[in-house]
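Q: Given next are the chains, with one letter for each unit.
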Amino acid sequence: MKRSFPGIHPRVFLRNSRKSKMRRAVFFCLFGAAISLVSVQAVFGGASFFYKELNLMGGYSTRDKWVDRNDDMLSSVGFEYYGKFSNEYGDYMTADLQMSIAYDSTKNSRDGWGLQVQNAWLEYKYSQYTKLKVGHFDAAFGLEPLLDTHSTLLQTLAGQNIGFTRDWGVEYRGLYPYFDYEAALQLGSGQGTIRRQDGSYLFTTRIGTPATKNLQGGISFMNGRVLKPDGMRVWPKNELLAEGTTTKTRVGVDGQYLYGPYLFKAEAAYGKEDKNNVLGCLAEIDYTLPSNQKCEFELQFKSWLNDLKPSSTEFSTMALGVTYKLTQSSTIRAAYFHGFHLTDDSFREENKVIVQYYFLGI
Amino acid sequence: MNNAKIIIMSFFVLVVVHLAYAAVGCTLNDPERDIKRLFPGSTGYKTFYITIKEQGGEALKKEIELELGDTLEPVYESIDVPYTFYTVLKGKDVIGYVHGVNQKGKYGGMQLILSSDLDNKTIDFYFQKMSSPEAGKFMDKRFADQFKGLTLDNFMKNSASIDDPTEKSHEDFKATLRGIKKNLILIRKLYLKDGHRFSPETSGKADLK
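Those sequence lines, one after another, are chains A and B.
Here our numbering is used: the first residue of the first sequence is 1, the next is one more, and so on.
Here our numbering is used: the first residue of the second sequence is 1, the next is one more, and so on.
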């Protein structure tokens, strides 16, 4: 039987009703995923954590005025489940599911809400030296797989280089006494929605020194046909900025060195993007205040050249950040970004200040 | 705001405002490689997360501080920090333990990893992270070798003789000794409590051997 709602056009009601159903579905999807993982893990045994997460951001940009986001990072609330599966012979699998509901104020209030998936993977210990990972995780290129940048205001080169940090796929990881290697084959779909179109794929591989040394280094390779997603939403499905793929081939180097209160980080990537030769680099110094080690300062320079020809465009950013740990679970961060966009006939600048409160606790 | 939105936000707010534990304490960056290196005969390991809060709360914290001879730092050493313990296995048999702690150094955090046998005697020790400018001297094998065979009793009775390998980093040397002592205390107080090894499957207790 058809029901009538005075004052609401049937088509508008239908659309609103669908959106309401969709939000309920998002909620049940989140809740269901968390409960399922906790239950499965309880049945199979092992140790686990269920973290609650809150990310609140706000700031001012000379280009966009008042902002509540930092590039693709939005204010969000969510959870992370991290668990080890084990039997009498030891741990054999690790699971991580990190999801959140984020609000994008640049969209209208009805379309602003969305479900994001940061981590969603299972890693099976194939032998004592090899692991196989399936799901949504970092591409194996540069500094990104080594650092936890999920909540930080200062990001690696991955956003410019690959176009996103995480994607759906499989990864093989191995250990040798003096180096680690990892190779990932992903959909090239970009962070968020599982999709494959126009022959998209992303192959990345990195060989590096063990992550336990004060001086670490690695070399990476990438080949792929990659889509350009708008944002990180899984549901509602994020849109594409272009229908077709971009062909990418890269070689990269990265390094980190911890010396006293200083942590130096650097990475560079060179290769082809469709027919253009591209080059990017990042250098960062982190300084922990010895007298108050809850406080850390970060200085970062990042640059990306879209084409090495004289008519190329260059995007560069200088960032100064400060992080203060309030408790084990709560952190406040602030960062100032000075960005400049250089083309052969114009020069644009942007100054931006972002303040963030981040909570991750059990 | 419609009902669905209210439900979603309420759920997440409730989840978030729930009293927070802390993020996990020191875990091995590379457990497969590290455990195989520390115990070449091992075939696997099992991970456990234990907090002072669930094993005894404030009273246990006071006991730990008394043995340590120092107070625990309220942010980095709070009672809700889950400590990670690795039970090392050869087949189904337990052959040793690995445990790491975070320790504040002069210039930043340190991560100290200790492996011990079934009698809780130290087999090996290394820094997973060391922020001292003289890190090389601390991470030298000759420094680590001084800790082999030591137990908590050696630290409690001051019967361990450890030489400072550095010239200008005595503060980091003292922090290292504090970290190792804290590590041994936590193994005894949290993991090998009352003569039993921690095991969540058997109400928190399992036979030691």
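Everything labelled a hint here was simulated from the structure, so no lab data went into it.
Small disclaimer: the values here were computed from a predicted structure and weren't measured.
Glycine residues also receive a C-beta, built at the ideal position from the N, C-alpha and C atoms.
Among the hints, a few may not be true.
Which bits of chain A does chain B cover? Going by a derived footprint, with three or more residues having C-beta under 8 Å, they are [what the hints assert, rightly or not]: (1) 76-89; (2) 116-129; (3) 216-224; (4) 259-270; (5) 282-296.
Derived EDC-like pairs (lysine to aspartate or glutamate); straight-line CA-CA distance at most 20 Å [as the list claims (entries may be wrong)]: (6) B:62 <-> B:80; (7) A:213 <-> B:134; (8) A:133 <-> B:32.
Here are a few chain B residues that sit away from chain A, every Cβ distance over 12 Å (derived from the structure) [unchecked claim]: (9) 47; (10) 58; (11) 59; (12) 68; (13) 106; (14) 142; (15) 178; (16) 196.
Q: Verify this for me: three or more residues of the segment 259-270 of chain A with a beta carbon less than 8 Å from a beta carbon of chain B.
A: Our answer is that it holds, as 3 residues pass the Cβ test (under 8 Å) against chain B, meeting three.
Q: Do three or more residues from the segment 216-224 of chain A put their C-beta atoms closer than 8 Å to C-beta atoms of chain B?
A: Coverage by chain B is violated here, the residue count being 0 at a Cβ distance below 8 Å.
Q: Sort out whether residue 80 of chain B lies within 20 Å of residue 62 of chain B, counting only the CA atoms.
A: Holds - the C-alpha atoms of residue 80 of chain B and residue 62 of chain B are around 14 Å apart, at most 20 Å.
Q: Check, residue by residue, whether the segment 116-129 of chain A contains three or more positions whose beta-carbon lies closer than 8 Å to a beta-carbon of chain B, and give the verdict.
A: With 3 residues closer than 8 Å to chain B, the segment 116-129 of chain A meets the three-residue bar; holds.
Q: Is the Cβ of residue 106 of chain B more than 12 Å away from each Cβ in chain A?
A: Violated, because the least Cβ-Cβ distance between residue 106 of chain B and chain A comes to about 6 Å, which does not exceed 12 Å.
Q: Once the closest CB in chain A is found, is it more than 12 Å from residue 68 of chain B?
A: holds (19 Å)
Q: Please settle this one: residue 58 of chain B was flagged as non-interface, so is its CB more than 12 Å from every CB on chain A?
A: Its Cβ never comes within 12 Å of chain A, the nearest being 17 Å, so this holds.
Q: Minimum C-beta separation from residue 142 of chain B to chain A exceeding 12 Å: can you confirm that?
A: Its Cβ never comes within 12 Å of chain A, the nearest being 18 Å, so this holds.
Q: Assess, step by step, whether the Cα of residue 213 of chain A is no farther than 20 Å from the Cα of residue 134 of chain B, and give holds or violated.
A: holds (14 Å)
Q: Please settle this one: residue 178 of chain B was flagged as non-interface, so is its CB more than 12 Å from every CB on chain A?
A: Consistent with the label, residue 178 of chain B stays out of reach of chain A, its closest Cβ about 15 Å off (over 12 Å).
Q: Are the Cα atoms of residue 133 of chain A and residue 32 of chain B separated by 20 Å or less?
A: Holds, because 15 Å separates the two Cα atoms, which is no more than 20 Å.
Q: Beyond 12 Å from every Cβ of chain A: is that where the Cβ of residue 47 of chain B lies?
A: violated (5 Å)
The structure fails to meet hints 3, 9 and 13 from the earlier list, while all remaining hints are met.
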